[in-house]
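J.: One letter stands for each residue in the lines below.
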Amino acid sequence: MPREAALARFGPAASAARRALIVAVAASAIFALLLLIDGKDPVRAYRDTIVYVFANAYGFSELFVRMSPLLLTSVAVALPSRLGLINVGGEGQLYMGGLFATAGALGFAHWPALALIPLMTALGFLGGALWALLPGLLRAAKLVNETISTLLLNYIAPLIVSYVIFGPWRSSESASYPESPAFAAGARLPTLGSTRVHLGLVYGLVCLCIYGFAIGRTRWGLEMRAIGGNAEASLRLGVPVSAYIIGSMAVAGGVAGLAGMAEASAIQGRLVAQLSPGYGFMGFLVAWLAGGSAVGILTMAALFAVLSSVGDVLQITQGVPFSVINLLMAAILFIVLGERGAGGRR
Amino acid sequence: MTVQHVCHLMAEAAPILEARGVVKRFGPLLANDVDHFAVHAGEVVALLGENGAGKSTLCKILYGYYRPDAGEIRVSGRPASISSPHDARRYGIGMVFQNFSLIPALSVWENVALFLDDTPWAISPASMRRRMRPLADRLRLEADLNLPVGRLAVGDQQKVEILKQLLAGARVLIFDEPTKVLAPQEAEGLFLSLADLSDEGYGLVYITHKLREVAACADRVVVMRQGRIVGSASAREASEAELLGMMFGEQPAREPAAAPAVTPGQTILALEGVATSSGNGAVSLRDLTLGLRSGEILGVAGVSGNGQRELADLVLGLARPTRGVKTLWGEDASRWTAARVRARGVASIPDDPSALALVPSLTARENLGLGDARRYRKGLSLDWPRLTADMAKSAERLRLPPIRYETRVFALSGGNQQRLALTRELAHDPKLIVALYPSRGLDARSTDALRALFLAARAAGAGLMLFSEELDELISLSDRIIVLREGRVAGEFSPASFALDTIGACMVGTADAA
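From first to last, the protein sequence lines are chains A and B.
In this text, residue positions in the first sequence follow my numbering: the first is 1, and each later residue adds one.
In this text, residue positions in the second sequence follow my numbering: the first is 1001, and each later residue adds one.
Do not take every clue at face value.
To be verified - Computed beta-carbon distance windows for the label pairs: (1) B:S1084 with A:R44: 58 to 66 Å; (2) B:N1099 with A:G107: 44 to 52 Å; (3) A:S323 with B:P1402: 54 to 62 Å; (4) A:T147 with B:D1137: 32 to 40 Å; (5) A:Y163 with B:G1379: 44 to 52 Å; (6) A:T147 with B:A1241: 54 to 62 Å; (7) B:E1406 with A:Y163: 49 to 57 Å; (8) B:L1116 with A:T147: 34 to 42 Å; (9) B:S1084 with A:T147: 32 to 40 Å; (10) B:H1428 with A:V144: 52 to 60 Å; (11) A:L192 with B:L1400: 54 to 62 Å; (12) B:D1383 with A:A113: 57 to 65 Å.
Unchecked claim - To list a few chain B residues with every Cβ distance to chain A over 12 Å, as calculated: (13) W1121; (14) A1216; (15) D1313; (16) R1342; (17) P1353; (18) A1357; (19) E1366; (20) D1372; (21) L1380; (22) N1416; (23) P1495.
Because the hints were derived from the structure by calculation, they are not lab data.
Glycine included, each C-beta is placed from N, C-alpha and C at the ideal position.
Just chain A, same shape as in the assembly (with noise of 0.2 Å):
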């Protein structure tokens, strides 16, 4: 008994715990294989990204600015899908966010930063929050599936972006490259010490626990994992189905926006077409392969910044495209869903 209690209670965790090292495991090796089939010498690439990721202190931080996202657009994916939506519009939110934060940026620059931030974290959250809240709209009235609607506003969003970095707000400095005109003092995000971690990771980590708590110990969360585990059951004992799908879906993009937000302000310090390198879909593959639980996306969310640190630092160190760490991302999900799948048959 004691020991099933145990289980009951640390069961997720340890599976959590399982899933990572088996992800790690299995993705290290395929890796190896598609390195020396590149003719790279995969022990000389691994001592590379170990000297280079975790024995130094720049590129030790860089994980940190890499996961500040990453656990946004995860939260953004976790938490529809606890009412059974499938929220895979990380990415669009994310942009939108990023461009209503720069409208706070520089319509308002001559603010001081303990006002700006406040209204562009506000700004940010709502331009992923309304992006969110269309999908939300048509699906409460069983209009469209949110998995297409969230998809195809993906790619809306950064052409929007595109078409204001190249016409209304194209920066008058640089005319070969389409960027925004750099961001006030005021309206960066304070970053830590010299590194370029900065606040976003505590919003991050903020978000990640009220997700937590929510969740588990909220009636709202009760509520939602009802929905999620049975609508028709849930609508019959008069829970409002509707407004938690459109209220789920808004607030989820708006936690997506707070890493666009963050992203221009604090990393880029302006708002540039490319503003993130696909951390809305990361966060997907990192809520889905966390199951949902908040302890396995922070856990996920560090694993998948590494993998992306070790990108990056293969293509500077071997000449290998980053490209190939979406066929490693790609890799993983492949083997946790066979994983999971043999653990469902067992």
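Put chain B on the given structure of chain A with help from the hints.
T.: Just chain B, lined up with the frame of chain A:
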């Protein structure tokens, strides 16, 4: 006489399809216990019975959908081993379901070609159509065989289904309530086709609960009740009363209203000229007027699928009337949400709790908290200790075993899921209880306990709406019974006029009692 001759004669004598000693259980439920059921060539057998009498189960066994737990199936006198519909078709057994298995976008001949085992890999449309034409003519299928099936009338689609089965070599055809989807003229056409087919020596089985159809098309009628065959008669000679008696049982009704009658008090629920719009395929309510007072049990009888679920949903605030007014406790409640209806003390006891009242992935405790999240609000969360105490009390009052709070609901048995839902729904002395087929899936002891509970709730001044297919149950509990048919109140009965045969006749539509 040659040997062949003898064999031929023997085959003539033996039924074309026969079930002997067939038993089928679903868990504790005995779905079929059929000693002997036979169809002869050239005969239309009507299989008559209430919903849940086991008609469909028997036919699905014959067609290989279910494997019987015991018993034997014989085809033309020889034992047949049928473990799938494909096997059944090889033995010449075909079935026409209520929902056709046709692909709307494909043409008539393509649908038929898809079904046949001997369709060559290279199909010649012309030869396919040539092969189908004579049969199509005999079935009076006048439609162009090149037309997509989706553009045919429902009656013609049914003919395509029959055509498919006949071309595949069926000698016995089983029809599952075939007129349910047909307009009256189309039904007439079907009866003509059935007569033709039986003249040609096909054996036909016709599942129905409509007495009128039995007389219209069958040669022989076999009546089922509670999984058993309880009688058989010539369709032309059997009287309606005789058949109703067999369908609903002839045991004397229990004493109506075992508990002391309570004088009904204020009106709880009133529907006035209410109509609903039907979703896809659902029955819509039409011009429905009824009232329910406190201290009263209103029995709602009817063959299932005649608007019971729609009426319950309307009362519970899950559907809104498109016309008419719904009042609860004198207030216009037509547009109240389900949450508001619940908050006013309306409890819902559905027939399938794991689908309609519980969330299987959550624990028992979380499920208990769901319907009343506002009542137990405490900070951001719920007052779990108070909830647990209340629910424990409720379970004790219902004489149910203690609840295993941390167990996830999917791990509970069906009976325990039902008990969990009851514990929650009856925890706060509901003033109106809407119970749909509450004794479905409960054993006799739990059913009795539930009845006692309903009577106690009535004595405490609650109003109850009790939907059931078991007339016995309704008669023993109700203060008043209404019969729903096709979304209307087809009849209303007071205890003085409670009688199985008249209510039964009203349910199946042979007589209207106004």
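J.: Each hint: holds or not?
T.: Hints, one by one, checked against the model:
A hinted range of 58 to 66 Å holds for the C-beta pair S1084 (chain B) and R44 (chain A), which are about 60 Å apart. In this structure the hint that N1099 (chain B) and G107 (chain A) lie 44 to 52 Å apart at CB is violated, the actual value being about 60 Å. Distance hint for S323 (chain A) and P1402 (chain B): a CB-CB separation of about 59 Å, consistent with the stated range 54 to 62 Å. For the pair T147 (chain A) and D1137 (chain B), the beta carbons lie near 49 Å from each other, so the given range of 32 to 40 Å is not met.
Separated by about 46 Å at the C-beta atoms, Y163 (chain A) and G1379 (chain B) satisfy the suggested range of 44 to 52 Å. At roughly 58 Å, the beta-carbon separation of T147 (chain A) and A1241 (chain B) lies within the given 54 to 62 Å, and the hint holds. Taking the beta carbon of each, E1406 (chain B) and Y163 (chain A) are about 55 Å apart, inside 49 to 57 Å as hinted. With their beta carbons about 38 Å apart, L1116 (chain B) and T147 (chain A) fall inside the hinted range of 34 to 42 Å.
Judged by the Cβ atoms, the range 32 to 40 Å given for S1084 (chain B) and T147 (chain A) holds: they are separated by roughly 36 Å. In this structure, H1428 (chain B) and V144 (chain A) break the distance hint of 52 to 60 Å, their C-beta atoms being roughly 40 Å apart. Remark: the range hint 54 to 62 Å for L192 (chain A) to L1400 (chain B) is upheld by a beta-carbon distance near 58 Å. Hint check: D1383 (chain B) to A113 (chain A), Cβ distance near 43 Å, so the stated range 57 to 65 Å is violated.
Even its closest Cβ contact with chain A, about 35 Å, leaves W1121 (chain B) beyond 12 Å, as expected for a residue assigned away from the interface. No Cβ of chain A approaches the Cβ of A1216 (chain B) within 12 Å, the least distance being about 39 Å, so the stated non-interface status holds. Here D1313 (chain B) does not stay apart from chain A, with its beta-carbon only about 9 Å from theirs, under the 12 Å limit. The Cβ of R1342 (chain B) does not lie farther than 12 Å from every Cβ of chain A; its closest approach is about 5 Å, which violates its non-interface assignment.
The claim that P1353 (chain B) is not at the interface with chain A is violated, since a C-beta of that chain comes within 12 Å of its own (minimum 8 Å). Non-interface call for A1357 (chain B) relative to chain A: violated, since the shortest CB-CB distance, roughly 5 Å, does not exceed 12 Å. For E1366 (chain B), the condition that its CB be more than 12 Å from all CB atoms of chain A is violated, with the nearest at approximately 6 Å. A cut-off of 12 Å between C-beta atoms contradicts the statement that D1372 (chain B) is not in contact with chain A; the least separation is 9 Å.
Interface exclusion of L1380 (chain B) from chain A breaks down, the closest Cβ pair being 4 Å apart, not more than 12 Å. A cut-off of 12 Å between C-beta atoms confirms that N1416 (chain B) is not in contact with chain A; the least separation is 16 Å. Once the 12 Å rule is applied to beta carbons, P1495 (chain B) is consistent with being away from chain A; the minimum gap is 32 Å.
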